[in-house]
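There are 2 protein chains.
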Amino acid sequence: MGEIGGFEVRHKDLLGRIGSLETKSGSLETPHMFPVVNPSVQPVPPREIREIGFNALMTNAYILKKNFREEALSKGIHEFLGFDGIVATDSGAYQALVYGKVDASPEEIVKFQEAIGTDIGVILDVPTGYEEDRERAEWTVEETLRRAESSLKVLDRIDVLWMGPVQGGVHLDLVKFCAEEMGKKPFHVYAIGSPTQIMENYLFDKLVDMVLTAKMNLPLNKPLHLFGAGHPFMFALAVACGCDLFDSAAYAIFARKGKYLTGEGTFSLEEMEYFPCSCGVCSTYSPKEIRALEKPEREGLLARHNLNVCLEEIKRVKQAIVDGRLWELLEARARAHPSLLGALRKFSEYKLFLEKHSPAVKRKGIFFFGFEGLSRPEIVRHKVRLKENYVRPEGSKVLVLLPAPKEKPFHKSPGVARILAGVGRGPSVHLCFYATPFGLVPMELSDVYPLSQTEAAPLDKESLEASMEEASAFILKQKYPKVLLVRPMDEGFSALERMCAKSCVKAGSELKVLRAKEAWGERTLKRVVKAIKGLIASGSGGASFG
Amino acid sequence: MGEIGGFEVRHKDLLGRIGSLETKSGSLETPHMFPVVNPSVQPVPPREIREIGFNALMTNAYILKKNFREEALSKGIHEFLGFDGIVATDSGAYQALVYGKVDASPEEIVKFQEAIGTDIGVILDVPTGYEEDRERAEWTVEETLRRAESSLKVLDRIDVLWMGPVQGGVHLDLVKFCAEEMGKKPFHVYAIGSPTQIMENYLFDKLVDMVLTAKMNLPLNKPLHLFGAGHPFMFALAVACGCDLFDSAAYAIFARKGKYLTGEGTFSLEEMEYFPCSCGVCSTYSPKEIRALEKPEREGLLARHNLNVCLEEIKRVKQAIVDGRLWELLEARARAHPSLLGALRKFSEYKLFLEKHSPAVKRKGIFFFGFEGLSRPEIVRHKVRLKENYVRPEGSKVLVLLPAPKEKPFHKSPGVARILAGVGRGPSVHLCFYATPFGLVPMELSDVYPLSQTEAAPLDKESLEASMEEASAFILKQKYPKVLLVRPMDEGFSALERMCAKSCVKAGSELKVLRAKEAWGERTLKRVVKAIKGLIASGSGGASFG
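Chains as they are written, first to last, in the numbering used here: chain E, 1 to 546; chain C, 1 to 546.
There may be inaccurate statements among the hints.
A pair counts as met if it fits within one copy or between any two copies, since identical chains are not told apart.
Listed below are the simulated DSS-like cross-link pairs for lysine-lysine, each with C-alpha atoms no more than 30 Å apart in a straight line [unchecked claim]:
| hint | residue 1 | residue 2 |
| --- | --- | --- |
| 1 | 315 | 288 |
| 2 | 288 | 222 |
| 3 | 176 | 479 |
| 4 | 295 | 362 |
| 5 | 259 | 184 |
| 6 | 356 | 66 |
For the record, the hints were derived by calculation from the structure and aren't laboratory data.
Work out the full structure, taking the sequences as your base and the hints as a guide.
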């Protein structure tokens, strides 16, 4: 075990991380969801939560202090709960948000958490909530920062980890300010405050803004916690945005209302005939059988299923991180609700940040489903490099723009070999491919990961247009003396021709266009070779062909 | 229990059906996947398959006849397998496809199936496979039809159900012919032959063509079986295309290769650190623990997991049918592989057939994620009705085309109330909304299902263009004397304006366009009222306003 408070990252994908956070009660693997245990009412005993597979839970220090003070102090929180794993304690800030004031000072709350021996504590901050009023929102941020300062001052134990919540709500400049300030203070874990109402109202696009704004302004070497995130259909999204930890009572709250959670959304027990799950509960009972039970038993079984499915989804997210397939999981989960797809589309605003912090090479190829995927790091990275660092091969004079051949990597296509055999393998002629989703692929890069490891669905308009823009920007930037564009007849490629023509005019390049029914057909290849030779011959004299 | 061979449908969605097929060994609920049991090698004993939750399996009559003839005849197939559920038997046609000829006549094979007491038998047909050669493909169809005829003639038992396979492969006209001819013969179940290679190569768009071509030409009151479909990520697709039954040995074949099935795709046990599943196997063992086991045990556990996940997916599909949410499940599953998304896009070619056979009203609203969704029955139905049956209200003279308000149903929007209060609720003015994904919604229809029960993600270009086309087609068809188009400033709506202008010219309608920053803002509403009054005043005289 490492030093208490240490956080080691083992795997990354997008901003998601498999890491371990060291606490005095053991190592906590991220991403993790703390099931929230209400000390007063609890449908699943903490011991059973542990048996299901959660080695860390969260409970509420404020409720403990109010209703179970002496017992919690004398037994300590682990014995009090009958849970020998890791215990995190929340501070009552959420209760303050919902019920107005709480009757304890911020300093009392942190001292109490120390006294009961929590593993990970939270200061009593002031949640901004979904507060529209700017002035009130500003005050919550300032007061949260003041309380962070005063709370840290009274701490004595060095074996307890502390969370510093970032407030500001939907006011992103306040989130940024609060993250910067909070990031300067010595917390072990940072946290996104105030998302509850935003999540309850399915405003997942706003959540992406909040989380990423905080993430971009916090120390990246510390874990980030998202308060109140408990529906499995959003775990992949939250993890991709950089949340390492969650806590939620959703499993219990939904169970109380007869709701059944899944990675694809929420079902009402009332309306179910089949359980789409293989967990212990769902393979033992039918929906009808559970409906027939008394309320406490029914609720307990639903809560157990809900916990099982949360754990399953966390494992699904982890395996996706290991495989470098978190984006693919996001695409699937974005079809659980239109607002999750809206959130995924928000990634386009943060794509450079995502690219910067995602691994460059993965062990698997990528799947491309549609224009949302243009924000994924692998594609952004190729485009950025092409734009910023790429220099065309020395001596290249004729750019030949070809549609992507069927074979991968492109340079191994028989059609490409035919063209090269026809014109000779000299430096003058440079073959490039316009290929979604990457836009433009110079032949010599065509086996660089993941250009040949990508499988794409038939194209949508947005993706096609983006690719055409890449190709024409490339012409503009690289300024070849001559350009040969080989394009299919289809009307859809007229736009490409127009865009290339415009770029050629601006770049001072001579353009020849060759329209073909079958772009890689025998006849076309002959025409391509002839056209290239023609361009060379009409050329600026001294071109040499090997 | 109903009559043997009877098929009753209880729930429908798209072409998917929850129904029950009566056999002599009990009732079989569809959709169902028969796990295929190889009498020679079997990683999970039939008794355990039953315990997992499958009450019907399939085995191979040809292999039985060849290797276990006497024992199978004396014990009967149920006792031979130690399985007291429903047993279907395949005929060896697949073996003929793979190994060339089989050494039994079609008549011998069906008589043997009768003799061992199978519940559902298959005639020995000739699979077309993924045969490119037209002549050979034609022969397989003709020979299959001849064998169907001769096999049916030798049958004695009336308590055995028979499957009639439809051949033709990728030659869709042959599939159509074969389906028509096979459909005239008295089979209890029809089946799609030859899809194995197509599925192995992930040519799911071709599969959609094959299945739907067969489906459209077969009796719809009989169940349809898809041979060899065993990967859970494609169950939703196959069921949506109208397949009621599947059989597959994939759970065992994949297990033998160390492959782990999920609804999101295939994993290699080698590469797994986490099991994204809550089944008995996956909640007991970690991937590392299973890797450490001896091969037979490892294979058995993987096969059990694979069976669990197949059953889970079948239950997921069933619940989706009950909820009328099969399309939403298709959208999610289409992100398991680009070729599945390609297959979903194929539905646009069959959308009228899908519409005709899908239920009109559902208990839940629909989610719209992108242009693929334009093929779903609810949307197609609205557009067809608007085009074919809709007549504008009597006396309507001014069409007011408004963007969709935030509130649903649209006619309850305060903005709409303001407009109506301003111009009076007479018959002359007809408010309509252009709203994706439905295109155009006349106010009086705005609470008809599912126009107000739809949640849509932010729009993609294809969907937006489709909506604009609907709106301009409506103008052309309904020929109002005057049209007021209220549109947002955004450049994206210029196309709408152009299209409406063209339609107005053709329809002889006077067009006024009102561009607004906030289409439902206070100021805009006043301008709209003024514009409507202006159009009325400039009008053709006798208009009366109540």
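These are the hints, each one checked on the structure:
1. 315 x 288: both (29 Å within a copy, 14 Å between copies)
2. 288 x 222: between (46 Å within a copy, 29 Å between copies)
3. 176 x 479: Neither way: residue 176 and residue 479 sit 41 Å apart in one copy and 55 Å across, limit 30 Å.
4. 295 x 362: For residue 295 and residue 362, the Cα distance is within 30 Å only across copies (29 Å; inside one copy 48 Å).
5. 259 x 184: Answer is neither: 42 Å inside a copy and 48 Å across each miss the 30 Å cutoff.
6. 356 x 66: neither (46 Å within a copy, 62 Å between copies)
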